[in-house]
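Trainee: Okay, here's what each chain looks like letter by letter:
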Amino acid sequence: MGVRLHNVSKEFGAFEVIRDVSMDIPPGSFAVFVGPSGCGKSTLLRMIAGLEETTSGTIEIAGRDVTQVEPAERGVAMVFQSYALYPHLNVFDNMAFSLSLARTPKARTREIVHEAARILKLEEQLDKKPSQLSGGQRQRVAIGRAIVRKPEVFLFDEPLSNLDAELRVQMRLELTRLHRQIGATMIYVTHDQVEAMTLADKIFVLKDGIVQQAGAPLELYDNPDNRFVAGFIGSPSMNFLPAEVVSVEGGSVAARTLGEVAHTWRVALTQSRLSPGERISIGIRPEHLKLSDDGMPVRVEVAEELGDVSYLYSRIADGTEIIVERHGSRDRLDGKNVGVTADPANVLAFDEKGQRLR
Amino acid sequence: MTMRRVENGIVTGFTVIAALCWIFPLYWALVTSLRSEENVTANPGLLLDEFNFSSYMSAVFDTKLMIWYFNSIGTAVIVTAVVVLISMMCAYALSQIQFPGRRLLYFVVLGSFMIPAQALVVTQFILMSDLGLINTWAGIILPQLIVPVTIIVYKQFFDAVPKEMREAAVLDGGGEYTILFRVYLPLNWGITTALAIVTFIGVWNAFFWPFLVITSEDMMTIPVGITQVNDAFGVAYARIMSVAMLAAMPVVLAYLIFQRRVTEAVMISSGIKG
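Residue numbers (numbering that gives the first Met the number 0), protein chains in the order written: chain A, 0 to 357; chain B, 0 to 273.
Be aware that a few hints might be false.
Said to hold, decoys possible - Here are the simulated BS3-like cross-link-like pairs (lysine-lysine), alpha carbons at most 27 Å apart as the crow flies:
1) K120/A - K105/A
2) K206/A - K63/B
3) K128/A - K162/B
Unchecked claim - These stretches of chain A come out as covered by chain B in the derived footprint (C-beta under 8 Å, 3 or more residues):
4) 97–103
5) 241–247
For the record, the hints were derived by calculation from the structure and aren't laboratory data.
Using N, Cα and C, we set each Cβ at its ideal position, and we do this for glycine too.
All chains, full assembly: derive it from the sequences and hints.
Mentor: Put into structure tokens, the structure is as follows:
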């Protein structure tokens with residue numbers, strides 16, 4: 000058993016931060032909570048850690064109800080965004096802190112800390128104070144402090160946010176390797192969907208304290224349940240256009256964009272029953288848009304040419320921004336008018352409440 | 000530029016005059032203590048015309064200076080240790096532990112900070128008398144253990160420690176005492192040293208309360224003992240000044256060694272620096 004949450008809620012006074020959340024995180028998996036600031040992802044992690052009380056519902060770790068159990072007895076270890084290393088202790092003592100509180104014999108403590116230091120390549124740093132280490136090394140010490148406790152579950156609260164972009168990529172890889180090496184259940188909180196996509200076995204997308212969708216990274220990317228998930232997962236994010244259904248023919252719906260540019264898009268829908276005149280939103284990922292002379296006319300404002308990939312930041316006549324991703328192109332399109340189109344299978348549709356139409 | 004120079008000159012001039020006014024009594028006391036009693040009486044003056052340590056010898060051997068030293072050191076060390084310990088624990092609870100009445104308790108601490116010690120002297124004296132603690136170390140020590148400003152300063156520093164430090168220790172299985180003594184105290188050694196020194200100097204120099212609560216010469220602290228030198232030997236200027244010099248010595252030494260920390264503590268407790 001990994002971690003299981005049953006109808007968990009958290010209120011701060013009259014404000015409900017977490018609303019009736021249930022989830023099942025299998026043992027040994029790498030789960031990521033992702034969402035915008037204030038969505039409740041860190042609160043949920045802190046509730047699992049026991050640092051926040053649970054207003055209602057139950058939390059189970061390894062099949063044991065830990066809702067009312069003290070944090071230290073839940074079998075979890077946490078890595079904080081700020082590392083939370085004790086500046087007065089050297090790396091060895093920082094990593095050995097929990098063991099010394101548990102009165103572990105000194106020889107055993109040395110053995111466990113050296114083993115963790117070996118895994119994290121910190122053997123040379125054991126005598127140094129945290130202030131003498133780089134950001135990446137500090138983060139590794141924080142992870143080492145968690146490893147030595149041999150917890151059932153590792154909790155990471157935005158651990159890479161304080162690192163620069165290059166180091167973040169490196170640490171992301173190291174975390175993936177570490178997860179494969181020790182095989183423990185890991186729960187990771189981030190607002191960065193790239194981190195979520197690259198690290199997770201299973202992503203939980205949160206908004207306003209509610210899990211919007213849970214699933215494997217590509218499942219969420221390819222098959223979002225609602226407009227929020229569709230917009231949040233993927234970078235650059237999905238383009239959305241308000242539209243009106245004009246015709247329904249079997250599994251194909253024709254929808255015309257509202258406003259000045261009344262371009263008709265074809266959407267492949269097999270389950271939803273729509274009728275002409277209904278308002279919907281259509282969503283197309285930047286990489287699914289292709290340039291075509293008979294496509295929807297847009298004006299390219301800025302073209303970011305990155306070599307392998309280019310992003311065309313464009314606008315349609317009413318000002319709505321449309322981002323197009325192209326690969327291997329070498330033509331400069333800044334300031335030019337072009338037409339964009341997409342395969343009906345890659346055009347997603349959402350109802351007025353933002354729910355996916357399939 | 001010239002105007003600025005003139006301004007600087009005036010400020011420097013005033014500072015020098017103020018410093019001279021402040022240092023003059025100390026200089027006079029030092030000069031007097033180093034001259035013989037007869038010389039001081041016959042030729043009162045400001046110049047050091049001899050090096051005579053007879054008044055120091057007399058202060059050490061003819062008075063109870065060593066006993067007063069012992070009493071001063073004993074009471075000052077005990078008060079300092081207890082004040083720092085209980086203030087730290089109180090401040091930690093007020094800063095880090097959620098419990099009903101926490102804010103009220105903090106306001107009580109703040110309130111007691113606003114009541115001058117002199118306003119409580121009569122009640123404290125009656126209380127000490129009722130408890131039979133007149134002429135005892137406990138009588139000197141107990142009323143001096145209430146130092147709300149130390150609690151307030153500690154709380155300010157504990158509030159500034161990132162909450163993740165505490166949470167990491169909680170997850171590691173640390174109880175409140177472990178977290179206080181193994182995390183918060185080491186993180187705040189600087190302010191602890193500073194507060195301890197300021198408290199020690201304050202207690203060492205305390206005159207008003209010990210003067211009231213102690214009448215026996217054997218229980219006196221140094222500041223109170225100095226008054227006895229006067230009474231017992233008539234007006235013996237050189238000897239009085241020698242005792243005063245010896246009394247001030249530990250404080251001066253402590254100040255010179257820990258000058259930076261003392262200044263820091265005074266600035267923090269007076270609200271100049273947070």
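Trainee: Compare the structure with each hint and give your call.
Mentor: Outcome of the hint check:
no., hint, in the structure
1, K120/A - K105/A, "22 Å, holds"
2, K206/A - K63/B, "77 Å, violated"
3, K128/A - K162/B, "20 Å, holds"
4, 97–103, "holds (count 3)"
5, 241–247, "violated (count 0)"
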